[in-house]
Amino acid sequence: MPAKMPLDAILAALFPAGHAVTVAEGLITGEGPFGDGRLVVVGIDGDTALGVEGALMLSRAVLDAVKAGESSGSRAPILVAVDSDSQRMSRRDELLGLNECLAHLAKALLLADHLGHPTVGLIYGHSAAGAFIATALATRVLAALPGADPSVMDLPSVARVTKLPLEKLEAMAASTPVFAPGLDNMVATGAVHVVLDPGQPLDAQLRALIADLPPGDIRDRLGRERGGRPVAQVIAERVVSQARGT
Amino acid sequence: MESLTFRHTTQKALPGTKREAIIGVVASGNLEVLLERVLAPDACEIAIETAINGYGDVWEAVVADFVARAQPGGLRISVNDGGARPDTVSLRLLQGVRLMED
Amino acid sequence: MAVTSASADPTRLSWYEASARQRVAAFLDADTFQEFVGPAERAMSPHLPLFELPRAFDDGIVVGRGRLDGRPVLVAAQEGRFMGGAFGEVHGAKLVGLLRAAGAVTPAAVLILFDTGGVRLQEANAGETAIAEAMRAIAEVRAAGIPVIGLIGGRAGAYGGGGLIAGTCARLAVSEGGRISVSGPEVIETNKGAEEFDSRDRALVWRTMGGKHRRLTGGADAYVADTVAAFRQAALALIDRAPAFDLATLEAEQARLEARLARFGACRDGAEIWVRLGVNDPDAVPAMTDAAFAETVAGVPEASHDAR
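Sequence order for the protein chains is G, B and E.
Just so we're aligned, residue 1 is where the first sequence starts under the working numbering, counting upward by one.
Just so we're aligned, residue 1001 is where the second sequence starts under the working numbering, counting upward by one.
Just so we're aligned, residue 2001 is where the third sequence starts under the working numbering, counting upward by one.
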């Protein structure tokens, strides 16, 4: 697997003229000049688990960008950069309503999108489960860098839950993208739209993505075309067509 | 997983006009039964997908007993089995037939 | 008292005990339910056979249209007994399709009857992606002014991605047996040890993520008895007071959740939070009758809000 591109290098490539993006306790917030305007960046660095405080800090930053967009009329693109663990697994986080906080963060990103902010995810390291759903997966288009390692659950844990031998799961993983961890498999299911080329300027690649945002949610179509989710699009369309019938 | 299919000729058609019914849930020790009135009035086909291999003889006996009792002529019956005991299978098949008789 | 016999009044069915199909049939106006991609279409998981696992004709979710007190609604109901109600490829796509259809058919509401442990591990990537698609679709449906209401009282609760989808809904009704959470007790215990969460301590589970805790803290908007009739009444009431999906609502939710962390961030147990919310006798909460609990909730301002 290629090495993970560090956040510093990503930010330097995105903002050749400098930026004001900072990382505190693994949470990324800030912005920098981008094209004729600016690019807002939120995210998670350093394989950090996302808990209730982190989710609300990121949602605050997203809502601030939305507020600024509403008052200025200039709706800045929002980049959600992710190298995270899963959601923080603790009694306290659940007691305090982690599901509400993570959903709130996702809703903030979805609202930004709805109001006209281009939203782009960028997975450059790990991410999993609730942290992934609440951040990069809540954007209009999700890009990855080589070296990214998204997963829902690692194979040893899958082996524990499914009570299948690890060797057998590893063999199945080679031919079945639908359950196996890793970037290639999330590309195949359509969750990751595109893998960027770190050898080319990142800012130009991001601008091209924003200029060519898909009109809606095309992930199930990508999953069918790429073979990682063979039936989802057909089933969803069949439901829609039956619902529209009399 | 094991697939089994049994075809029977019945003495009569199952009464009622309902086209389709489903009962039960696929879970450990449970099963779902989908019944469709799509065959000739004196024909019954029962197709089973079961999680537990090697019980073809038991299924054959349970199905034969069910067909003799219920006379489910005209029905194609499809079963997804999560490892139900024979008495549970019989019960669900009969419940399903009752729904079709409505 | 809830009953389970099919011959009794169907609306008195125990929600917890009922199957997804029983819930839908008894919840909607009688004989109004029309299923989409029903079991006879055999839209089953293409992946479970690889794992030598049995499939279900509906992949563990029932979707369709019906009427609720005469009003047209779309409804999805998860079957918690099949694979823990988990999101696989087909299961997720049926929910996503239903939500996308809402934009075209403009029902009075979309109702999601949650009963799920989260992502189906055998189809993890498809399940996870479908959850993200469902949340995006809910945002669009809500933005179009159509309420999306979640009902939670099944044996599998609303866990994992199901908890996130629930948090995206405009309103939630929950019963005592309903649990809403991201990481389940077993997941936390497996990853962090029994000192962090003893998953066998059922009372602890209820105090941390159970229906009463969620209702008291404003994580759910209605608390109902464990009957289909009670959920129906709650859903009818919630449809007419669903918050808009806009900046004002999300700013209010931001403030609400920040205030919660500020006030209760140091609490170790649900009962501590209830005391700070003004509940006089927190130890009595778990055994409280529905009527007494309703009275308690009425005295807690934080429990009821439009910030979701």
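Keep in mind that the hints were calculated from the coordinates and are not lab data.
Treat the hints with caution; some may be incorrect.
[Unchecked claim] With a cut-off of at most 25 Å between alpha-carbon atoms, the simulated DMTMM-like pairs for lysine to aspartate or glutamate come out as follows: (1) B:K1018 / E:D2009; (2) G:K168 / B:E1045; (3) E:K2192 / G:D149; (4) B:K1018 / B:D1057; (5) B:K1018 / E:E2035; (6) G:K67 / G:D47; (7) G:K163 / B:E1045; (8) B:K1018 / E:E2196.
[Unchecked claim] Derived coverage of chain E by chain G (criterion: at least 3 residues anywhere in the stretch with Cβ under 8 Å from a Cβ of chain G; other residues may be distant): (9) 2015 to 2025; (10) 2065 to 2073; (11) 2274 to 2281; (12) 2290 to 2300.
[What the hints assert, rightly or not] Covered, in the sense of this in silico footprint (three residues per stretch, anywhere, with C-beta under 8 Å from a C-beta of chain E), are these stretches of chain B: (13) 1003 to 1009; (14) 1022 to 1034; (15) 1046 to 1055.
We put the beta carbon where it would ideally sit given N, CA and C, even for glycine.
A quick look at each hint next to the structure:
Only pairs whose Cα atoms come within 25 Å are accepted, and B:K1018 paired with E:D2009 is accepted, the gap being roughly 22 Å. The hinted pair formed by G:K168 and B:E1045 fails the criterion: a straight-line CA distance of about 36 Å is larger than 25 Å. Note on E:K2192 and G:D149: the hinted pairing holds, with a Cα-Cα distance of about 22 Å set against a maximum of 25 Å. Of the pairs offered as hints, the one joining B:K1018 and B:D1057 is violated, with about 31 Å between alpha carbons and a cut-off of 25 Å exceeded.
Restraint check for B:K1018 and E:E2035: satisfied, since their Cα atoms lie roughly 16 Å apart, inside the 25 Å limit. As the CA atoms of G:K67 and G:D47 are separated by approximately 29 Å, the hinted pair breaks the 25 Å bound. Between G:K163 and B:E1045, the direct Cα distance comes to roughly 34 Å. Violation of the 25 Å bound is thereby established for this hinted pair. Using a Cα cut-off of 25 Å, the hinted pair B:K1018 and E:E2196 is violated, with the two alpha carbons roughly 54 Å apart.
Coverage of the segment 2015 to 2025 of chain E by chain G is violated [criterion: at least 3 residues with CB-CB distance below 8 Å; count 0]. For the segment 2065 to 2073 of chain E, the proposed coverage by chain G is not satisfied: 1 residues have a C-beta within less than 8 Å of a C-beta in that chain, short of the threshold of three. For the segment 2274 to 2281 of chain E, the proposed coverage by chain G is not satisfied: 0 residues have a C-beta within less than 8 Å of a C-beta in that chain, short of the threshold of three. Closer than 8 Å: that is the beta-carbon criterion, and the segment 2290 to 2300 of chain E has 0 residues meeting it against chain G, so the requirement of 3 is violated.
For the segment 1003 to 1009 of chain B, the assignment as covered by chain E is violated, since 0 residues bring a beta-carbon within under 8 Å of that chain's beta-carbons and 3 are needed. For the segment 1022 to 1034 of chain B, the stated coverage by chain E holds: 7 residues have a C-beta nearer than 8 Å to a C-beta of that chain, and at least 3 were required. Here the segment 1046 to 1055 of chain B counts 3 residues with a CB under 8 Å from a CB of chain E, which clears the bar of 3, and the coverage holds.
The structure is inconsistent with the numbered hints 2, 4, 6, 7, 8, 9, 10, 11, 12, 13, although it conforms to all the rest.
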